[in-house]
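Got chain E; can you put chain V on it based on the hints?
Next come the chains, spelled out residue by residue.
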Amino acid sequence: MNIHEYQAKELLDMFGVANSPGGVASTPQEAEKIAASLNTQDLVIKAQVHAGGRGKGTFKNGFKGGVHLCKTPAEIRDTAAKMLGETLVTHQTGEDGRVVRKVLVAKSVEIQKELYFAILIDRAISAPVIVASTEGGVDIEAVAEHTPEKIFHLPVDPLIGLQPYEARKLAKMLGIPTALLKDAATLFENLYKLFIARDCSMVEVNPLVITKDNQVLALDAKFNFDDNALFRHPDVQAYRDIEEEDPREVEASKHSLSYIGLDGNIACLVNGAGLAMATMDIIKHHGGEPANFLDVGGGASEQQVTEAFKILVADSRVKAILVNIFGGIMKCDVIAQGIINAVKAVNLPVPLVVRLEGTNVDAGRKLLSESGLKLTAATDIADAAQKVVAAAA
Amino acid sequence: MSILVDKNTRLLVQGITGKSGAFHAKSCMEYGTNVVAGVTPGRGGEVFEGKVPVFDTTYEARKQTGCNATMIFVPPAGAADSILEAVDAGIELVICITEGIPVLDMMKVKAAMAKSKSRLIGPNCPGIITPGACKIGIMPGYIHKEGKVGVVSRSGTLTYEAVWQLSSRGHGQSTCVGIGGDPINGTSHLDVVKMFNDDPGTEAFIMIGEIGGTAEEEAAEWIGKNCKKPVAAFIAGATAPPGRRMGHAGAIVSGGKGTASGKIEAIQAAGIEVAATPADMADALLRRMAR
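Here the protein sequences line up with chains E and V, keeping their order. Going by this note's numbering, the first sequence opens with residue 31, and the numbers climb by one from there. Going by this note's numbering, the second sequence opens with residue 19, and the numbers climb by one from there.
Check before you lean on any hint, since a few could be wrong.
Said to hold, decoys possible - Think about it this way: if two alpha-carbon atoms lie no more than 30 Å apart in a straight line, the pair counts; the simulated DSSO-like pairs of lysine-lysine are:
1) E/199 x V/126
2) V/275 x E/180
3) E/223 x V/133
4) V/275 x E/86
5) E/101 x E/90
6) V/25 x V/133
7) V/126 x E/202
8) V/212 x V/135
9) V/247 x V/163
10) V/126 x V/37
11) V/128 x E/199
12) E/223 x V/126
13) E/223 x V/275
14) E/396 x V/163
15) V/128 x E/223
16) V/128 x V/81
17) E/252 x V/275
18) E/199 x E/223
19) E/143 x E/199
20) E/314 x V/275
21) E/252 x V/128
22) E/199 x V/275
23) V/133 x V/81
24) E/252 x E/223
25) V/37 x E/340
26) E/143 x E/212
27) V/126 x E/212
28) E/284 x V/37
29) E/404 x E/284
30) V/126 x E/252
31) V/133 x E/199
32) E/143 x E/202
33) E/396 x V/44
34) E/396 x V/37
Hints in this document: simulated from the structure, not taken from any laboratory.
Excised from the complex, chain E in its bound form:
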């Protein structure tokens, strides 16, 4: 799950992670008020959308740039008026762009040095690892490739957490001057506390800066959260902004279906994540393009299968549908009944190929053949893929 920059700032503030003062506004007047309260001539206003590349983006009204430096609250107000309610297009949003509903107004700081600091889970050692670098404000993948010696890795013991001495050691490695050592160490410790307290899977501060007036600040922070742990963080759940998500995925999540939208024209409905991925792969192998990843899970109900089917059928890009089920916990007759119900409700506009195997397979096949549904039965996964690719062509 992604969150907005202003929400990330709220989390940093809540855990005492030093960052640039500011606030979020939904109207030009609110923006002006925040700017006035900051009591400075160095101001920045940033459009709040999930996509990157905002600074170089263009609004559909012709206004250039989703990030602007301003001198006065009046200037902030006028700029906010050009952003709010308007659609921002960046290299990450696609042509449709995203509607800006909020702007972040903050003090713009003068930077002396940019650093990089991230915490993530290292699967290989089953522990959190801190990745830090003296090279901040740039693409860290490029630093890792060209100057790996400038990146430090510090694994953290998951049972005792980040210790103060480790935070100080890191600050030293990053070349933070003695006068700022304790401030930097406190920032690292608080960020680690935040990472654990909210079940993050990644926190990336890029850049972490030393300002010309000698402060250590987390200037930009990106968060990823463990979806499995959202149940115990209602505050993080509340950060979800469905306006920023693929509407097909929003609909699927309402029915607890694991769905990821793609750009192809062959829809798939599969049980199990591994088989769902493999089904996409074999469609591609036979020359087709999958329209989605959809795992209906091990214990899906008839109702869920029906809803899943409706999402596939509603997608105008879809030219054919492949149902590939290997019943384990999932019973084939449940899948069959779900499909039959869905087709009764929504008329089937495209060819349907069905491959059923596993638990209650005979009952499932019988239901489908007696339903009078127009479908192509497939004997195995290769046969199914070939038939659906041919049907979509």
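Using the frame of chain E, we list chain V on its own:
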């Protein structure tokens, strides 16, 4: 012969009175698995299906019945606690079926288990089966056949697919192990590969992986250097978009790491036969065996 479980396995089911726990405990019993106890806190003293005693704690279950393996069906919020309870009771083999356990919980479990003798399989896995002897998990028993091919996989349904292909070509299985789709799990591909390599009852095996992490690469490297048995592999997720979690919490390509192509390269370099598609898993192994 087989690995990890056989006729002598005495199974406990944690969460036996829940909907899934009860359903699958029953199906394991029908397959012939020796289910000796169940645990549901607050339900101690009940009897499941007329013959399996239910206890309040795993400690009691172990003491009273001598169970040496456990299958966990406890919901995600309490599953980590149940794993640790089983470890504390000294149960040798802990199989956690539960999907959706927070990663930080599993991180602590893994660290806490470092000093224990118990082995954890999963979480978020279909379980483990030695055909004809013992089924612990949610896989459909009837697709399996007794035989000499091992299967290890992160995915449940892809395992069924491979087993189905093997069985319909007349090749039975020694043991099939689902290690689970989470980023942090108890038993890795490499752990199971080593067991298959040492098991006289396993003549060849299939390793099924997917995008994310480096577990398949590590197993492949070891196979290349140490394994004399024929191996075939399939990696799912070649068409998955980077940065997206593909159903399994662990199936994600991040920072250019954990791609299908990288894994396939490592597997080929180790002399393992790669299945081009999921329909080719059993045939890939048969090709390798014929070489």
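> Can you list which hints this structure breaks, lowest number first?
Replying inline: Per hint list: zero violations.
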